[in-house]
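*Asks:* Respectively, the protein sequence lines represent chains E and A.
Residue 1 is where the first sequence starts when you use our numbering, and the numbers rise one by one after that.
Residue 1 is where the second sequence starts when you use our numbering, and the numbers rise one by one after that.
Simulated from the structure, these hints should not be mistaken for laboratory data.
Worth double-checking, as some hints may not be accurate.
As a list, the in silico DSSO-like pairs of lysine-lysine whose alpha-carbon atoms are at most 30 angstroms apart [said to hold, decoys possible]: (1) A:LYS233 to E:LYS29; (2) A:LYS809 to A:LYS852; (3) A:LYS323 to A:LYS181; (4) E:LYS151 to E:LYS165; (5) A:LYS610 to E:LYS29; (6) A:LYS74 to E:LYS170; (7) A:LYS233 to A:LYS308; (8) A:LYS82 to E:LYS29; (9) A:LYS614 to A:LYS603; (10) A:LYS713 to E:LYS170; (11) E:LYS130 to E:LYS151; (12) E:LYS29 to A:LYS852; (13) A:LYS233 to A:LYS165; (14) A:LYS610 to A:LYS758; (15) A:LYS308 to A:LYS176; (16) A:LYS176 to A:LYS74; (17) A:LYS181 to E:LYS165; (18) A:LYS684 to A:LYS823; (19) E:LYS130 to A:LYS809; (20) A:LYS547 to A:LYS303; (21) A:LYS713 to A:LYS682; (22) A:LYS603 to A:LYS628; (23) E:LYS53 to A:LYS181; (24) A:LYS129 to A:LYS233; (25) A:LYS323 to A:LYS176; (26) A:LYS684 to A:LYS614; (27) A:LYS570 to A:LYS642; (28) A:LYS151 to E:LYS151; (29) A:LYS682 to A:LYS610; (30) A:LYS642 to A:LYS665; (31) E:LYS29 to A:LYS74; (32) E:LYS169 to A:LYS181; (33) A:LYS308 to A:LYS570; (34) E:LYS130 to A:LYS852.
The primary structure of each chain is shown beneath.
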Amino acid sequence: MSYAYLFKYIIIGDTGVGKSCLLLQFTDKRFQPVHDLTIGVEFGARMITIDSKQIKLQIWDTAGQESFRSITRSYYRGAAGALLVYDITRRDTFNHLTTWLEDARQHSSSNMVIMLIGNKSDLEARREVKREEGESFAREHGLIFMETSAKTAANVEEAFIDTAKEIYKKIQEGVFDINNEVLFENWFLC
Amino acid sequence: MFQRQRNWWTEVIWKPKKAHSLEQLRYHHYILTKNAVVTDQNRSLLVETLRSIAEILIWGDQNDSTVFDFFLEKNMLLFFLKILNQNPGTYVCVQLLQTLNILFENIRHETSLYYLLSNNHVNSIIIHKFDFSNEEILAYYISFLKTLSLKLNLHVINFFFNERKNDYALYTEALKFFDHKENMVRIAVRTLTLNVFRVNDKAMLNFIVNKTANAYFCNLIWYIGNHAIELEKCSITESDHLHCGRLKDLVADHLDHLHYINDILCLNIVELNEILTDFLLDRLIIPLYLYSLVTDDTAKENKPHICKLFALYLISQIFLIIKHPPLVSTLTDVILQGEELTSSPVQSPSSPRKHGYGVRSFTAPADSLEQALLACGINNEGYTITNRLNDLARQRSRHVANSKFYTKAGNQEKKWRPDEARQKARREETENDVNVPENDVTLSENDVSFSENDVIRSESPKGALSDSCPVPMNDTPLGQVTGDDDDGDGLMMTKETSNEVKGFTTEESAIPNSVKVSDVAPPLPKSLLVRPAEFKPSRMYFQTLIKSLDCSHDDREALFTLCLFHSLIKNQGVDPDLLRYIGLFPSQQSDNYNDDLIQALIKIMEQASKHVNKVRLVTLQMSVILLKQLVYNGHPGQSVLKDVHLALLENVRESCTLELRNYYKSDDIFLDMFEAEYRQMKVKPLNVEHLMMDASLLLPVTATPLTGIEFSKRLACGEVEHTQRTVRVFLMVRELSLTVRREPERQLPLSKVEYSVKENEVLDLNNSDLISCTVVDENRTLRRFLVIDEAQFILVEPDTTRLGWGVVKFVALLQDVEISPDKYDSRSLFITIHQPFARSTRGPRRPLMTAKFMFDDYVRCMSAKQRLHRRRTSLRHIKLQRIAQLLEVPIMASPAPHFFPITPPSFSQPSIASPQGFRSHPGGAVAVSDISLDKSLSHEKTIDESANIEVSADTAMKDHRMAAPESCLHPSQTSGDQARALASVLDISDQRKTPESDDVIELASDVLDTSSWSDGMSSEHSGAALSDRKYPSAPATPRGQRRFGNSEFHIVEWRVSDLNRNNSMSEPSLFLQASEGNDLQEDSKTS
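Okay, chain A solo, but in the shape it has when bound (with noise of 0.2 angstroms):
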């Protein structure tokens, strides 16, 4: 302990020189002591004061004890209390929150803790009226409950808690900014109130459940429903998909409000849970959503109510997300049985239920949050505050420091009481569990233990009750509990749908743990509902949503329905008993499922084979996993689906196939496309809650991409994309044909070899074509074998161990690989690998791999890319072939390697196509066989003349580089007589017409090629133009270095200048799909 060595008025003289000490402390609290009065003048010196004690506390909770001691003896927080009730301004304010904040997130000893949790200082400060229309203020505030919230244990609950006093400020305090416009607070009192649930303590839970749960839950469920409703006024003034900011930020503020609630379920507090359940039942799920589905005109005007669409919308969002089991079971009883009551419109007169119809209703809440708090007896009272200073000094060494109202009985009596409730949740646990498969045991169990309380549960929410629910304390079980400890029974929450049961008075049914609802209950499938013995199963819900899967208007409500089942039948909530008495259980049995079901879900897909139709890609996805959810289950052996079904969903196939015909054509960009969508139905597999936050799916479907809407998410636009779109509706339906009839896909991926190489395997490269190769990337330089397989691009080390083995290092597929030559070095290539689905997918991704590969001398170099050419080639021709043969479509002759006779590009073309003409002829020069390095070198003098014009043409290429699109459609003369000239070299070649000649064509053209063809759309698109002239049939396929994603905005621009060069307005839009220029020549010679 401190030494008073100094007199108070000496101490102001010295001033403690090192800023961390209890010396500080104890000259602060004489700054304090001076200053308690708040004035213009001391302002600043008390808010330095206030930081300067946070500091000195937490180093001293650090490093010295004494400082604690000194500012318990001298209670200090009594002095932020003082300053605080002279209303002293933001400054200070702030600076006191922010001190308090300082204090609980850093201190790190407990008993630092209990001193400054004791004698409830800190809850007078919750308590106390700050400025809250000052943000700061009110975000300083909040976060200083937060941060005491996440202090909260069994330990330091009774300092926050008072059970006797109906007493627990941060909670009820915090539970005030619930609905606060500022989206921090609300987080931020969301974060306390899941904080506060956790907290194991049975009389707090008591408290909640009882005192706060109903108030609470019912303006928070108001909320949420005044929130759907204003989700849909805004897509209708936000119907432009272009500025739908404040739609998408309201889905994801409803997703949000859903999260929170599923967030308090998996607490597992089975009393809260209830009310919770009860409440989003009754008052929002059921007379808000569901009612809107059916709910005719007349009905609308005096009941607030959402259209269709976001009724289904926001159901099957509580489907994806919540999976408490009473609740989803409760709901989609209802769904799919109907109410219990709507059902029989007449009511027995015995009913306990005498508003009928309207006991479900959206209504707004009787009394604010704050007044229902009231109401229910929450201690709105300040706190005495004793200084019981002497007694802390004594206990403090005791660790827990029990000054707030209890007595040392009342304390002891609490420590034993979570265990019970730990007990207690433990035992109702197994219970659960045990029951799993049925658990209507332990629900009607729950059902039916009622307690009084529970009259007044169910009553003050209702809307019609105008007058709130003021209980005597001795009525409620928490009143009770003071004095019985077995009256944790009587939390045991019942149904209010229970009192429906014909014969059971509360009376009765106030007996608890009584299991006689299940004698009475019906022998359907139930979940919480308990139906009389006479109900009659109504399918009007169910029957709405089939009806709602029709596309022929429009999918977006199709969309929803199909995913609401989609999630239903996933949530692991749902009791399979319900499912299954409906069909909607994936079963083995063809019997078993829901025909009607099937059959819109067979129409879905029918309307999506059609030409003209308005059904999304993603909806006849949707359909298909949907289908395939129903009837297949994983196992092999016969198909569950009946014959009817079966032959329907053929035909759908069959005309898929047929619709696909129209658009095939044996060139590269169909091939590109046919894979690219392969690739992407196999490695995206359809995210279901991702799809589901997709705001713009509630706004009305387009077809412009100029929207940036995902293809799949809207309606085709243009012939690519309806190409697009038709090879993905074949090979989805294509797809699930196979698996509802368990068949093997034996024919896609069009090529198994392509990933038959892997990394780090050891390869017996004895007798295969190497090329040695330095690779050169931006941080090193390696030394590498390059081979090139039937649809791979594999780079070797040689194998230390075997001669002639090498070890792969490096594997991409060939089609990823792009080249461009290194126009200052002949002997160097840039290859750039993309990373496979680069071009299918969108954004801009990182290159597998970006490097310079130098080769020993120029003739490698040149092999080395014919070759990559080469084996693309003849892998695409492969390819298109299988394509033809899924269609059924007759093999189109083999376009065997062949030459076209070389003419001089002037008598082939008029000037300003020469380039094009003289493109095409080099697509003659189709080598079959590999050329090996030894064949070209006998011909250097011709590649070397070749070499020379490369130059010349790289120079002419200099200037189209730099061209805008517009001027390079009229290619530069210059060009033109380079070509020619190298036309001429190719003719000298071709007219020796030795085998090795035919090597060296390939060689000169790929000079050419490259040198005139290096990049830029200018290239690609001439070549277009040439190759509809030429082969109408085959447009040319430039392909790799612009992804469709990316060049989605260009179709536009560039379709003006295309509709007047080509009659078709197909071939332009293609080359967007597309890509490197250099396969062109190929491509048109393929044809």
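Extracted from the complex, chain E is given alone in its bound form (with noise of 0.2 angstroms):
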């Protein structure tokens, strides 16, 4: 399969927010959300089109690895987008994100486009976070927003392709070098 660009993600948040139950949703259709089942993966790609350009997505989740922190540096500076995820069933999960965001400026790449998600938005009865305060969070630290859920797949699938083509206007716009092969490397490009 050939592709233009090859984009990495990483997928942070709390744990439980959902973060593997998105990959999986996003990367693999095939697996139908069920009432009675929760699956999740740590690893997906997934091919998708922008601009009439084939651009490959690799997700990549740092579950499990925040003890060390060359992991947690290096996967932040491997990554071109980042989606950072919190339940808006549990507020503390919302109220941790600027330890996130703040991990995640001080290692990333200042270019990285970072998307925020409200997951779990089918659980209305149950919100404790409001739409508003995610979307004046996002505001505030410049992020995109959106909220989602991996059960009902609402916006799973905005969230991943409105990252890319937030990476990709970057791109066009020059403020990503493509040269850089940590985040674009493309070698299997044919």
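Fit the two chains together into the complex; they arrive one by one in their own frames, and the hints show the way.
*Replies:* Structure follows, in structure tokens:
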């Protein structure tokens, strides 16, 4: 499979916010979300098309590696995009966003596109974090914002693809250096 | 258990409707059996089957345990293997790996996990030779391994690790990708290794240490070293500051390596750490970095080396990141006292080290990692798959599936071993703890506990010995461990260096826990190095470091050296005795510090204080920090600095003051700069670690801001930056001087009243001027009273409990307040309050408050506005006087409030400059006393007039705002007319000469001021031009709106036009510092 670019994403946020489910939902649509089954993965890849260009997305979940500084550091640096996820039914996951963001900003390339995602939007009844709060946090920190549900697949597609569009835009604007091997290595170009 | 109600063939017809059920799994099993051979036709079917299996199994794990029973009974993982062995192509392989990923990621029940891991199927999949040139397969494969490693613990370790067979496929297979070019793959491998090391299983750690550590670390360190060399090469090819992306990546990569090493060391696996420390020191840090510090050109040819600058950088990074005591102490020891061997070139023949100097060298590993692992006897055969279905079914309830290769007895043995390992670890820890101040004993204990294995270890990595180390199994501690439990001691890895102790033979030192070394060790503070008794310390490296502190040509080396010393002193792993010995330990006695270093530091400051110099601010800052570190420990008391050094330092301070006097101007821009620099110095302590992450430090020093490099990390460019720099140098040296003399700060900050009021405080506001207003911002409308005190902008709300008191709801510094009138509503002001320090920091920052303030009427509005201005002005005046005091310049005659003669604009200036000339007039209207609203009200008529003018002036300004900066330099005739009209109003009021009329003038001037000065560069520009002409000593000081950081890039564009208008280059660039036009009139008056 040939592609024009390979974008690497990382997906960050507290445990239990549904990062790996989002990832699986996006990368493998054959897994239909059903009520009695929670499945997630730590890695996934998928091809998308932007501007009639084939772009491959590789998404790496960084869960479980927080105890090693070298690992988090490297993950951030290797990614062109990051999905920062919180759970709208758990206020604490929202409160931790600042810490995550600080980490991301400190270790990543300054151009990394960060998307803020309020996950589990299907659980409206148990909502603890208002949509507006997410929006204003995103505005304040210059992030893209979206509420998603890995369960109903609402907005999942958009979250990943919009991030890719933003990266793509940055490439077109010349903000990102395509020759940056770390971020856009496409050694399988054919 | 399921029931066999149907035959196979009927099952085909009956495809279960429910997606997640045991029946569905049986159906998939049937598909797999029928499609044992992968063909193009059935590929999609197989992929879908594999995918569904994952789904059903997870569902089963969460909902129905019979699913796993079936999976096991049918040994379905075997199908996976059979499919793999047919090389089914990317599509199927990826799906298979994904299925496995999903399985291991999502399984919650321990038993389910044991089932999956039993029978070595997973290990067989791990060693399967996938097509790793396919990035997708590799990515899925490596995350599969990583996922497995996250599941590792004492219970499952034996599914992966077979001690008897030297088999640990998960680990050894992953290691093969440690230097893969794909970043994410490398990270996954590192994660995996760390997860593996962290499993506290003694047998496994034995295996890691004895069988793989040499091979892995040797290659890892070679890889890191080459990275360093590449880094240097890259800095030559990418010496352009604007295109150094690759250099930045390489630097960041290098830091990643060090952090990784640190993470390993932090796991505190004694044996592993010793091997890693040895490799790092003997094969990377000392031979490559340290030798490069002192290598002369002749020696360069045959040895890999890096330049001194990079060596300094890399060494300081080590001290910044790694805190492992043996490593950093040994390195410190070598740096401060020289190497044990090189110091005495004539080796005594009895020395066990025959290679002498050459022992430490940066050479390629003899074998690739894979070969080396094989040579160490790592199992590379496949696994015999035994279908022990029945056994498993029977053992299901026992939660421990021992189906791998172990006998039951073996398992029991394993059970207590980790405990012993833990005990032992704990024992060692306590030993270490007890001996913290002088850990020599512990270290030397480790030093001399020899094992035969150590000989192997110390030889195999040597490049000189090309043959690898085929070790008979029974020769290694591992071989013995199987029989003898006490063998754990054999693992106490030794330092090669301990070989050098004279008179020690291997046999002698092989006695475990011998402390003999301590007896013969020289009384010098020592690290892991064991030096011969006749050892003479060599200051070769130390002297080199001191020499590189010289900044006469370039301060890059000096900066890194300063960072090196700084991190060396701060590093908690470094033996304090070593530092104390050389005088690098913060002490209270003056005769203890290192004279050479202190002198070199003061020399840097002296160089920095000169008019022309090569010292960047950051270098000066580092030297100040280091000096404080050495002689100041925070205790009050006498100065530690020797008199001679104190005198030197005072000289430097004196010359800084002199230098700053050259730049001193009693104007607002200087004041602003001064305050901004002071704030920045106070607010932003230098973070050395962050500083050192900046790859651009490695490139040649530049002066131009066009590189985007922070001001402190480059040289000054242009007059403004030179002023800024001189201010900063002065402030830093002054502060240092006060600190070392233990004198309290009395004169700074310039104004101490600025923070007197806090939010939610309750103030007595009787007899204070209160202006009621309505604050309208984005979300709400609030009723508040505005209080303007000496330095603060305060909003209060009446205190409900006490009459005349108010609760503070908002406080900001007056100087952060920016006002603009609402042109549609004369009763309102738009007030923006910036974050403190916003002007001196980069990047856009949200203001503290942006709101519309609505007052009761126009007069109150004007009064508030004017009062804000006036308070600000007097505050500034006081501050400027304080600066003068600081610099010991004669205090200028106080620019007492006075009136300039008001002349018709036509008379004072040609038409082009008429608005400017006009603007200077109202400057006279400095009112010392407060205006009360009542007074102003008595002159309503005049005010109304001026209000009218304001409206028309506003219309005129509209054109201005839209105009390009160039055209703004030529104000339209309209505004000139407006100005003239307004002047006449002022003229009239001035003639009345009543005290009240002053106020009116001021009000009118405010009107004028706001209308014609509302915003835009044009006004600032022309204003500056004016004051330049009229009051050469005081360039105008527009301030506020534009921040320094943002305007840097304008400087170049502007200068062209500026040059035409002004003789001096300095003034035009000064605007860019600055801000709100509103102040201009007041500025000119103060001069």
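*Asks:* Evaluate each hint against the coordinates.
*Replies:* Verification of the hints:
| no. | hint | result |
| --- | --- | --- |
| 1 | A:LYS233 to E:LYS29 | violated, 46 angstroms |
| 2 | A:LYS809 to A:LYS852 | holds, 16 angstroms |
| 3 | A:LYS323 to A:LYS181 | holds, 29 angstroms |
| 4 | E:LYS151 to E:LYS165 | holds, 24 angstroms |
| 5 | A:LYS610 to E:LYS29 | violated, 68 angstroms |
| 6 | A:LYS74 to E:LYS170 | violated, 52 angstroms |
| 7 | A:LYS233 to A:LYS308 | holds, 13 angstroms |
| 8 | A:LYS82 to E:LYS29 | holds, 27 angstroms |
| 9 | A:LYS614 to A:LYS603 | holds, 12 angstroms |
| 10 | A:LYS713 to E:LYS170 | holds, 28 angstroms |
| 11 | E:LYS130 to E:LYS151 | holds, 19 angstroms |
| 12 | E:LYS29 to A:LYS852 | violated, 51 angstroms |
| 13 | A:LYS233 to A:LYS165 | violated, 44 angstroms |
| 14 | A:LYS610 to A:LYS758 | violated, 42 angstroms |
| 15 | A:LYS308 to A:LYS176 | violated, 33 angstroms |
| 16 | A:LYS176 to A:LYS74 | violated, 33 angstroms |
| 17 | A:LYS181 to E:LYS165 | holds, 26 angstroms |
| 18 | A:LYS684 to A:LYS823 | violated, 39 angstroms |
| 19 | E:LYS130 to A:LYS809 | holds, 26 angstroms |
| 20 | A:LYS547 to A:LYS303 | holds, 24 angstroms |
| 21 | A:LYS713 to A:LYS682 | holds, 18 angstroms |
| 22 | A:LYS603 to A:LYS628 | holds, 15 angstroms |
| 23 | E:LYS53 to A:LYS181 | holds, 25 angstroms |
| 24 | A:LYS129 to A:LYS233 | violated, 36 angstroms |
| 25 | A:LYS323 to A:LYS176 | holds, 28 angstroms |
| 26 | A:LYS684 to A:LYS614 | holds, 23 angstroms |
| 27 | A:LYS570 to A:LYS642 | holds, 23 angstroms |
| 28 | A:LYS151 to E:LYS151 | holds, 26 angstroms |
| 29 | A:LYS682 to A:LYS610 | holds, 24 angstroms |
| 30 | A:LYS642 to A:LYS665 | violated, 36 angstroms |
| 31 | E:LYS29 to A:LYS74 | holds, 28 angstroms |
| 32 | E:LYS169 to A:LYS181 | holds, 27 angstroms |
| 33 | A:LYS308 to A:LYS570 | holds, 23 angstroms |
| 34 | E:LYS130 to A:LYS852 | holds, 28 angstroms |
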